[in-house]
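Residue numbers (our numbering), protein chains in the order written: chain A, 1 to 109; chain B, 1001 to 1453.
Mixed in with the good hints, there may be bad ones.
Some chain B residues near chain A, calculated using beta-carbon distances under 10 Å [claimed, not checked]:
| # | residue |
| --- | --- |
| 1 | G1044 |
| 2 | S1139 |
| 3 | Y1339 |
Since the hints were made in silico from the structure, they are not lab data.
Don't be surprised by glycine CBs; every beta carbon is placed ideally from N, CA and C.
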Amino acid sequence: MAHQKLREVAKVIRSKNAGPFEITFDVIFDDDSQYARVKASGALSRDRICALYGVPEGDIVSHMFFDPARAFKLTLKRRWAQGSVGERDTFGAQQHAPLMDVEIAAVAR
Amino acid sequence: MKDEIKILTPNGILGYGIPKDDFQRGLDARPDAIIVDGGSTDPGPYLLGLGATIVSRAAYVRDLSIMLAACAKHRIPVIISSAGGPGIKRHVDQMVDMVREIAGEHNYRFKIAAIYSDIDKQVVHDALNAGGIRECGSSGALVAADIDLAEHIVAQMGAEPFYDVLRAHPDVDVIVAGRAYDPAPFAGFCMLHGIDPGIYWHMGKIVECGANCAEPKGKVILATVRRDSFDLEPMHPDERCTVASVAAHTLYEKSRPDLLHGPGGVLDLRESTYEQINPRTVRVRGSRFTPDDPYTIKLEGAGIVGYRTTFIGGVRDPILIAQIDDFLARVHAEEVKTYESVRAGQASVNFHVYGKNGVMADWEPNKTAVPHEIGILGEITAPTQEEADAICSSTRINVLHMSYPGQVATAGNLALPLNPPENPIGAVCRFSVYHIMDIDSPTALFPARIEEV
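Assemble the whole structure, with the sequences as input and the hints as a guide.
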């Protein structure tokens, strides 16, 4: 299996407010082997997330894999006030896009 | 007390429409209660700050009419929480008015309970001074000025105010509650039937979103709840609850999927199990609830921070697009020079550059993109609408006419679609209070009243 982007192996990649002060990201898989592959790859490590979004590690509220839903969960602090001055995404619904292009390493045969 | 109860939820938010056939299928299952939540902070602070409602009165009347007809015909209690969205007193009273109006039209006789969740500012100040308030998630520390800024402060009630009304008035037909934790009305109803708190909180947490946990996402859902398990079945025949769809729903809009804080405790889903009992129904077990001591509730308050005027325009000139960040920084510097209020930070000039990083700003990884066309939304906020208008006009004119290095097109920098080009859009709000408060009694701050129509 060659290098693939996360969007090619996940079923759902989304972002949304978790209350007015956090934005949460869900990556959900419908396939156990793809889930296990991404989980093992380190492609969504805390360091990678910080680099991808340009945020300090202290902005990560939660970062975990959740096996019952075959899902990766990430929550970041919202550094700007929801629905107030300077808002750019009231629902936080379009902050997921950089995750889509994260490269997932090929599986060794 | 029953061994098994059924709760029918017509949609995730009251006013978003109820598919009649699906709702009828739910009624055919003979539910013990119809419960729908009406609240959300997602649309932003203007709802609570301005006392606005999520949908129009007509939309509420449409949904209420369907539920109240079922209530009158089958004597199934209807429970509505977070009336209007923010759930302030005015919204509860407006919702009760609508119930009364519909009852009058159809000669329904109802016993109605209203439960309020408005919190007096002095109560919040006193709690802050006593050290009984802390941040909720990432909301930051509360300061006294944030309490004073709020136009309205409400608290999310837990299960107990619902339980108390249901216990004291077993014949209640309709409960209209102010702001409540979304699963709280479900939990309050289940408390009457000796169900384990881990089970009813988890059920409520899922079902408050209607059939959002189904595949494809739907509206009407039926929950069958027993002491130590619950089943979820969407009421549209083409929708299914699957182990994956139900487990995945616990991620939705939550900071984390396994430990969920609410009024009075923490729901722990780490040992929850999901079982497909038929092709469209999932059974959940093993969820646990750990009570907090002291009992805590979440406060929500929002107030007006200024008034906004906007302009929108497009740029197609490649020479300007290549230097747009520097250009807009120079426009901003002009406004700082001209307006004392911008200099002092009382007014602000923000540019959203669509096509570049209008959506993600600081979070955008691709900061150096050079598109062939960009859109600029100028967002000016000031202490008065008049001042916002003045600064917006000046900003728009500078964007339109300010010169820049290498300029070839000397007649104007911006393609303006709207005429007039500057648009005052009113008050801007902010969630100034979003904090956890310790309380002695889960019900004392949430008074109820009963009326019969």
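Now for the hints, and whether the structure bears them out:
The closest approach between the C-beta of G1044(B) and any C-beta of chain A is roughly 2 Å, which is under the 10 Å cut-off, so the hint is satisfied. For S1139(B), the interface hint holds, since its Cβ comes within 10 Å of a Cβ in chain A; the closest pair sits about 5 Å apart. Interface hint at Y1339(B): violated, since its Cβ lies 16 Å from the closest Cβ of chain A, which is beyond the 10 Å cut-off.
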